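Student: If you read the sequences in order, they're chains A and B.
Numbering follows the numbering used here, with no gaps: position 501 of the first sequence is 793.
Numbering follows the numbering used here, with no gaps: position 260 of the second sequence is 552.
One or more of the hints may lead you astray.
Which copy is meant is left open, because identical chains are indistinguishable; a pair holds if it fits in one copy or across any two.
[What the hints assert, rightly or not] No farther apart than 30 Å at their CA atoms in a straight line, the calculated lysine-lysine pairs in the DSS-like style are these: (1) K638 to K369; (2) K560 to K365; (3) K369 to K404; (4) K560 to K366; (5) K317 to K774; (6) K666 to K730; (7) K542 to K732; (8) K677 to K690; (9) K341 to K615; (10) K335 to K638.
No wet-lab data here; the hints were simulated from the structure.
Quick caveat: nothing in here was measured; it's all calculated off a predicted structure.
There are 2 protein chains.
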Amino acid sequence: MLLLLFVLPSAIYSQDFYDNTQREKWLKIAKDNTPALVETIKKPVGAVKIIADANAFQGYKAISSQSVSEVYKKSFKQQSGTVLDFGQHLTGHVTITINTLNSVQDAPLRFKLTFGEVPAEVAVPFDPYTGGLSRAWLQDEIITVMELPATITIPRRLAFRYVKIDVLGSSPYFDFTINDLTCVGTTSAVNTPDALASSTSALMAQIDAVGLTTLKECMQTVFEDGPKRDRRLWIGDLYLQAQANTYSYKQHDLTKRCLYLLAGLAQKDGFLYCNVFESPQPHAQIGSPFLFDYALLYNVLLKDYLEATGDKQTAIDLWPVAKRQMDNITTYLNSNNIFDAEKAAKNGWWLFVDWNDKLDRQAALQGIMIFSMKQTLALAKRLNKEKEVSQLPGLIDKMSSAALNTLYSKDQKLFVSGPTKQVSYASQSWLIIACVVKKKEAQTILKSLQASKNAIKPGGPYLYHYYVQALIDSGLKEDAKKIVAEYWGGMVNKGADTFWEVYDPSNEQLSPYNFYPVNSYCHAWSCTPIYFIRKYPEIFQANSK
Amino acid sequence: MLLLLFVLPSAIYSQDFYDNTQREKWLKIAKDNTPALVETIKKPVGAVKIIADANAFQGYKAISSQSVSEVYKKSFKQQSGTVLDFGQHLTGHVTITINTLNSVQDAPLRFKLTFGEVPAEVAVPFDPYTGGLSRAWLQDEIITVMELPATITIPRRLAFRYVKIDVLGSSPYFDFTINDLTCVGTTSAVNTPDALASSTSALMAQIDAVGLTTLKECMQTVFEDGPKRDRRLWIGDLYLQAQANTYSYKQHDLTKRCLYLLAGLAQKDGFLYCNVFESPQPHAQIGSPFLFDYALLYNVLLKDYLEATGDKQTAIDLWPVAKRQMDNITTYLNSNNIFDAEKAAKNGWWLFVDWNDKLDRQAALQGIMIFSMKQTLALAKRLNKEKEVSQLPGLIDKMSSAALNTLYSKDQKLFVSGPTKQVSYASQSWLIIACVVKKKEAQTILKSLQASKNAIKPGGPYLYHYYVQALIDSGLKEDAKKIVAEYWGGMVNKGADTFWEVYDPSNEQLSPYNFYPVNSYCHAWSCTPIYFIRKYPEIFQANSK
Chain A
293 MLLLLFVLPS AIYSQDFYDN TQREKWLKIA KDNTPALVET IKKPVGAVKI IADANAFQGY
353 KAISSQSVSE VYKKSFKQQS GTVLDFGQHL TGHVTITINT LNSVQDAPLR FKLTFGEVPA
413 EVAVPFDPYT GGLSRAWLQD EIITVMELPA TITIPRRLAF RYVKIDVLGS SPYFDFTIND
473 LTCVGTTSAV NTPDALASST SALMAQIDAV GLTTLKECMQ TVFEDGPKRD RRLWIGDLYL
533 QAQANTYSYK QHDLTKRCLY LLAGLAQKDG FLYCNVFESP QPHAQIGSPF LFDYALLYNV
593 LLKDYLEATG DKQTAIDLWP VAKRQMDNIT TYLNSNNIFD AEKAAKNGWW LFVDWNDKLD
653 RQAALQGIMI FSMKQTLALA KRLNKEKEVS QLPGLIDKMS SAALNTLYSK DQKLFVSGPT
713 KQVSYASQSW LIIACVVKKK EAQTILKSLQ ASKNAIKPGG PYLYHYYVQA LIDSGLKEDA
773 KKIVAEYWGG MVNKGADTFW EVYDPSNEQL SPYNFYPVNS YCHAWSCTPI YFIRKYPEIF
833 QANSK
Chain B
293 MLLLLFVLPS AIYSQDFYDN TQREKWLKIA KDNTPALVET IKKPVGAVKI IADANAFQGY
353 KAISSQSVSE VYKKSFKQQS GTVLDFGQHL TGHVTITINT LNSVQDAPLR FKLTFGEVPA
413 EVAVPFDPYT GGLSRAWLQD EIITVMELPA TITIPRRLAF RYVKIDVLGS SPYFDFTIND
473 LTCVGTTSAV NTPDALASST SALMAQIDAV GLTTLKECMQ TVFEDGPKRD RRLWIGDLYL
533 QAQANTYSYK QHDLTKRCLY LLAGLAQKDG FLYCNVFESP QPHAQIGSPF LFDYALLYNV
593 LLKDYLEATG DKQTAIDLWP VAKRQMDNIT TYLNSNNIFD AEKAAKNGWW LFVDWNDKLD
653 RQAALQGIMI FSMKQTLALA KRLNKEKEVS QLPGLIDKMS SAALNTLYSK DQKLFVSGPT
713 KQVSYASQSW LIIACVVKKK EAQTILKSLQ ASKNAIKPGG PYLYHYYVQA LIDSGLKEDA
773 KKIVAEYWGG MVNKGADTFW EVYDPSNEQL SPYNFYPVNS YCHAWSCTPI YFIRKYPEIF
833 QANSK
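Next up, chain A with everything else stripped away, as it sits in the complex (with noise of 0.2 Å):
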């Protein structure tokens, strides 16, 4: 009985697969890796219309009005759903002010501040909302004005070009005048990218100021997926971004913050979270579903940094999370090597690959697993961990052939995915990015892809980045030329001030979460335009064909 009196609460029998010390060290070195936010203050550039458009992205386009001088000495009753335009994306706090004109307040005042980073933000309502995310995303905010003259900060950080200010109360007995409206915008981007070569063409070189722009604001204290929604640190993202960034701002301790706060922040088991968050204090989505591809991802990300820094302390001091990540690699694989994609799911894992429900997921995962591997495979050699993980070799042997021999169709001549051999770009990518197939053949199956009437196209710019890695893998240079042109062109083209979370040029307005003004519209994963441009000049800033 009296053993029963020490019994030890379940949490100590479960181990930590890292030490407490050892996390602990990890979120120190996150933190101060810090960095400092630069504070920019600005001023909207112009009164805008927004106006319905068929033609216009998502139906709308803002063209200017008016100066803000005028509407500022004007009576605002008058001019309630006046938007105003800062003329570049912005993320910081935002404050308005208010005074009487003539008159004396009599009655308090009630606005509405609708802040868009898209036109169609600000002019479709918000309500009845059928959005699958939370509704507060969106950002409209309801201010009450007790006392005039009013200098009021919205407390939430804000991500927009556009506000729109509609007068919900007024009294009939004064009148008054919105005097300004400020933002303190915030980045950590302080380095200058180098400039592009003269010869780039102007639509390339728009892309690219984009991509900065996008990348840009998205770098705060970590690598933000979009400031205007999640506000967090993803893998997938942050995968991306450090790409970007190891070609545009180099700005490498913040990338460094990151992976250390991952790994501080890992599952008990040693398994990575696939989000993070900052504030109050940093935390992992505890209780989230394993996101197995971005947990992978983490090892490339370690490698891709010591390869851009050299920094071999941050990389040993990492290497056992990476290594962690390996032993799921077995965890659902059948038989004949395959990822068994269908049981991983069922079991709980999330495959993300892209945003598409239609996606199977399997033959893009064994391409993710055997790309993961060979690059970790590439860093314990710099690390001289050969050793510590000699079951790699093998394995990416293994499953590279059975990729061959049950993925690959050799009448279509593409990979196939799943119960219904699916043809997808996600599939053919993957297997391509992880060199299961020579660059002749990686073309020919390209070829065939291109020729498909039936392959699951990308849903977005994420899955959309790797295929244009494949495609300059596979030395199709031209074609990925175009996919860069064509798509991140396509959304400058129609009025992109950053680069888009979702952007399916037959369908202005899909959304993941069943609304698109709670689509992100400044997102971390379709900056990486500037990676292309900047990594391959040969291919995208060379003005020929």
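Add chain B to chain A, keeping to what the hints say.
Tutor: Showing chain B alone in chain A's frame:
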């Protein structure tokens, strides 16, 4: 030509009736008498359901549903629309605390908090808003909560008993609780009024208690008209509050502060503004129409203050203001010495008397003018200033005779007003308060009034007060008691915690502003039963019929 260069702005030519030194001195005294606000921390006492009930006030009543601790411990996502009841009327600042529940926050939350003085305010939709006053007076505040745990204080001061909390945005991926709601209630009423005689009936004791709360809630750094809406100093409300204060809290310094504020902020021509604001610095509602009856009551207020305090210094100091108000008596007097209400209104004067569009105000104003002159004359006598208002005795006589000759219908035994010879409670009450007729005649008139089917009844508590005063002045004590018991007792029986700005037993949704939820339900001018009950204990505290 040179002369033109020296033309001075017109402001310098139009002299201030009071010089600047005098105004500054008055405002300094007002400032020096600013009371400290006493803060009390209040918590809700229970959760209630607001249910439709045709027999309840305005069709809604609150019934107890569960304890506050039950609300606090459960997920609030499933409790949207919960109403917490603080068990009493409060005026102050509200803080809400929100926490995550067994999960990690992945998105912001959006809440609407609706504060109601009465149940209907948290039951009926505010939009579409049809009211004539600013929609912003309605106490619904929308907040976005970016990060948990959160403790958020609503910026505006609120006046309420009930708080409805609606969840407007939440994430399917985490849960949360509302853990605490706190109101820091404020008032400047610190004294404890005398206990009532033990013989006082339960109803009168209840009426007195509700009246005391009403006055206490309106006692802030001035005597506010209503802590929810308009939240400022109006002469008419102040006149009644000062009377009630004299017989309850006896905080005469607050009356003194208000008298000086009104004086210091008077119109340039020396006549008074009907209302003033304290913040951001003391100022009048410049541009608002001159409210004649309120200006006249300032003098009665000053005389009452002197009587209650013996503070001759203040009375002498402010005598020039009282004296100046008398200069308007003859402005719109016709050749028969009757007030030409139509002409005054046409020229922009505001004649209030009561919220009632149908009311002809001529006879009532004649009464208020005579009453004010008599009280001013009495004040002058106390201050040895009789010579300065030597016109008053003659005017009082002439206007009293005129009232009897022109406004009195011998057939009806009633005063009549205006071209339609309208009979109203306002006319009889004010001409009786002015002692235009002797007690015996006044009784006859009031009995005729009660018998008159077409007499215009009081539109609200402000005029009911004067009707009760007229009944008492005429010796119709039981009638006075009956009105207090029926009218104010009616509010008590309908669940009033504080007395309402507007109350028509036959139309509970009456609103001078075309939207009854914007009415104030804790309104200074309705608190006066405490004055009657405590000034005339032989009538109201005697437990006889």
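Student: Does each hint fit the structure? Answer for all of them.
Tutor: For each hint, the structure was consulted:
1. For the homomeric pair K638 and K369, the shortest alpha-carbon distance between copies (28 Å) is at most 30 Å, but the shortest distance inside one copy (57 Å) is not.
2. Taking the closest pair of Cα atoms, K560 and K365 come within 30 Å of each other only across two copies (28 Å); inside a single copy the shortest separation is 60 Å, beyond that limit.
3. Taking the shortest Cα distances, K369 and K404 sit within 30 Å of each other both inside one copy (13 Å) and across copies (25 Å).
4. For a Cα distance limit of 30 Å, the shortest separation of K560 from K366 across copies, 28 Å, qualifies, whereas the shortest one inside one copy, 60 Å, does not.
5. For the identical chains of this complex, K317 and K774 are neighbours neither inside a copy (46 Å) nor across copies (80 Å), given an alpha-carbon limit of 30 Å.
6. Taking the shortest alpha-carbon separations for K666 and K730, only the intra-copy value of 15 Å comes in at or below 30 Å, while the best inter-copy value is 110 Å.
7. In this assembly of identical chains, K542 and K732 lie within 30 Å of each other by CA distance neither inside one copy nor across copies; the values are 34 Å within and 98 Å between.
8. In this assembly of identical chains, K677 and K690 lie within 30 Å of each other by CA distance solely inside one copy; the values are 22 Å within and 113 Å between copies.
9. Within a single copy, K341 and K615 get their C-alpha atoms no closer than 55 Å, and across copies no closer than 57 Å, so neither meets the 30 Å cut-off.
10. For a Cα distance limit of 30 Å, the shortest separation of K335 from K638 qualifies neither inside one copy, at 51 Å, nor across copies, at 47 Å.
Violated hints for the displayed structure, listed by number in ascending order: 5, 7, 9 and 10.
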